[in-house]
Amino acid sequence: MAESAAGQGPSKLPRELGKGSSGWSSSLRWLLGHPIWAFVVIVFIFFSLMTDDFFSLGNFQNILVQTSTLGLIALGMTLVMINGNIDLSVGAVVALAASLTVDIMGWPVFESWGNLQILPAVVAGLGAGVLLGALNGLIVWKTGVDAFIVTLGAMLGVRGLVFVYTGEQSFFAMNFAYADFGASSFLGLPTLAWVFLVFTVLVHIVLSRTVHGANTYAVGDNREAAVNAGIRVGPHMMINFMIVGFFAALAGITLSTQMGASTPNLGRDYELWVITATVLGGTKLTGGAGNIIGTFGGVLAIGILRNGMNLMQVPAFYVLVILGAILIAVLFLDKQLNRQGEEGLRL
Amino acid sequence: MSSIAQKLTGGDLKGLVARNGIFIAFIAAMIAFGIGSDKFLSFDNLESVVRSSAMIGVMALGVTVVVISGNLDLSVGSMLSFGTVMVVDLHDKIGPGPAILVMMACVLALGAFNGFLIGFVRLNSLIVTLGMLSAIQGLTLIYSGGKNVDIDPSTQDTTWFRVFGRGDIAGVDMPIIIFFGLALIVGMIVAFTPYGRRIYAVGGNSTAAVFSGIRRRRVVFSTYLVSSFCVGVAAIILGSRVMGSQNNVGQGYELLVLAAVILGGTSLLGGSGSILKTVIGVLILGFIQNGLLLLGYPYFAQWIVTWIVIILAVWLDVAAKRGRLLSSIS
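Protein sequence lines correspond, in order, to chains F and Y.
Each residue of the first sequence is one higher than the one before, counting from 0 in numbering that gives the first Met the number 0.
Each residue of the second sequence is one higher than the one before, counting from 0 in numbering that gives the first Met the number 0.
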């Protein structure tokens, strides 16, 4: 088990039960500790039996690429939410990074750079995401205003920036290598799937094996105790906001490589989907609990449901109802299993 | 300082500014826009601002009640889509009166479901209403089959349903009357009745409220009924004004409405805030938009200004409570 002891929270017990034993019973216990993975397995089997096209390598690759956008942001959101914060501005950052990147690579300054013109554009897009994350984090740190309000404001404001910057226009990538990247493959897997998987492993290691990861749980679990333990809570939270900003920007860039274009409305409602995926994965809004394995499961659950129901030709509407119902059901089950979570969120 | 001024300020000018920062900012902005554009303070312009804010305003009234009781409602945007699509679709099929009744019943049922899960099962309000946001959006699309709906063009000018969005009483537009009328009623209930005091008690200190004999579950449940009722009224205004509806017409409103509530100064912690503050918050959002447009800024510049204003407003509020400008986070 890759989880460190830092993986606090109610789901700790079943996970420890899973340690040491082997075979079916331990797998079963592990699944009970990560209810979302039990759900992923069930829908996986369900769609494999119900449709002809679901169970194929090509379709699995599809699912990974389709969910990579949500998934990348959810990685960062997990850190921020374990901290006990939240970031509602990620959807707007997606649009900002995509618009900046696609626009800047067409600037006349870089005309003679060939395919290298993509580089400064991507750096600018990612930089904007990190910068806005830093700004959110700095405001949360210095003003003491709740992250929900700070990032709600940023959600509106950054979206406004995007519309003002783009003049409400869509941009098209002038360099075809950019769109080619979105469609490319590496070692038999789509490159975008690699990007998602590599970052998932990376963030998992950061969260479970590093001091920063341990601090993330400590700050979310008991902020006062974290301060007393010598953690500089402000800068720590700021770094996590920068990480989620980076991932939102990266998601915007990967999304625009798939389309070869950007629109100012890109990423609308993403904040809500990302939070749904993260909460499905077992991360608590109150902070202190959650992990990347769960978040990855939450992202896959959404991806498989959307893909499978699409293959079954169920209208997309029903997916919305089912996802909403699952979110509430997971919350209900979680409450029944962990009575100590009684008080719920107090913003 | 004269005695009147002392009475007004409570002898503490700094405290007055901190407590009423949003009112002062509101008046300052009005003066600035008035100087910047000669059209801004004309009656026609002020009326059009209030009219276009009325729908968000009506929704914000209900959300304020939910927020005072210490919870959130993110499902109001989807619910607005649902209600508007339903009332517009049913208008031609069963007539305006029954259409309104059926729609209100359905919206109240959705609100009751929210209230049941949050009040009685005591689940986290943010996640429940987030789930409902998605589910109701799906319900709307299932109901309409994904198609836009509209009222038969030949009856649009004759149906009495048009009165809610397009009518007026003595020259004052109906949406404005509905908004201020509902604000007055909800405001009176929240401020002056035992029920209103229970809402504050539950939001302020939930445990203490229970020990003093307040039925917390029922109070929380009822706040979601109020919220969904307000959404239903907003849906009637919108449907009547547009005489048609898209399936996603309310998309994103949940957070815009919440922004108005926060801007007014109602705390997300619960237990404080008021309907009057929310009305001011709604009007500020409306006047920022209108004033910037009249000064020649692009439409979306208002969102950037809203970003700054929200954070400054809440910062001022938080700073006044702790007595220091910056937080003590290390």
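It cannot be assumed that every hint is accurate.
Okay, derived cross-link-like pairs now, DSS-like style, lysine-lysine, Cα gap no bigger than 27 Å in a straight line [what the hints assert, rightly or not]:
1. F:141 with Y:146
2. Y:320 with Y:276
3. F:141 with Y:276
4. Y:38 with Y:92
Just a few of them, taken from the derived set where beta-carbon distance is under 7 Å, the chain F residues facing chain Y [unchecked claim]:
5. 30
6. 162
7. 226
8. 326
Think of the hints as simulated: they come from the structure by calculation, not from any bench.
Note that CB positions come from ideal geometry on N, CA and C, so glycine has one too.
Status of the hints after comparison with the structure:
no.: 1; hint: F:141 with Y:146; result: violated, 48 Å
no.: 2; hint: Y:320 with Y:276; result: holds, 17 Å
no.: 3; hint: F:141 with Y:276; result: holds, 26 Å
no.: 4; hint: Y:38 with Y:92; result: violated, 43 Å
no.: 5; hint: 30; result: violated, 22 Å
no.: 6; hint: 162; result: holds, 4 Å
no.: 7; hint: 226; result: holds, 6 Å
no.: 8; hint: 326; result: holds, 4 Å
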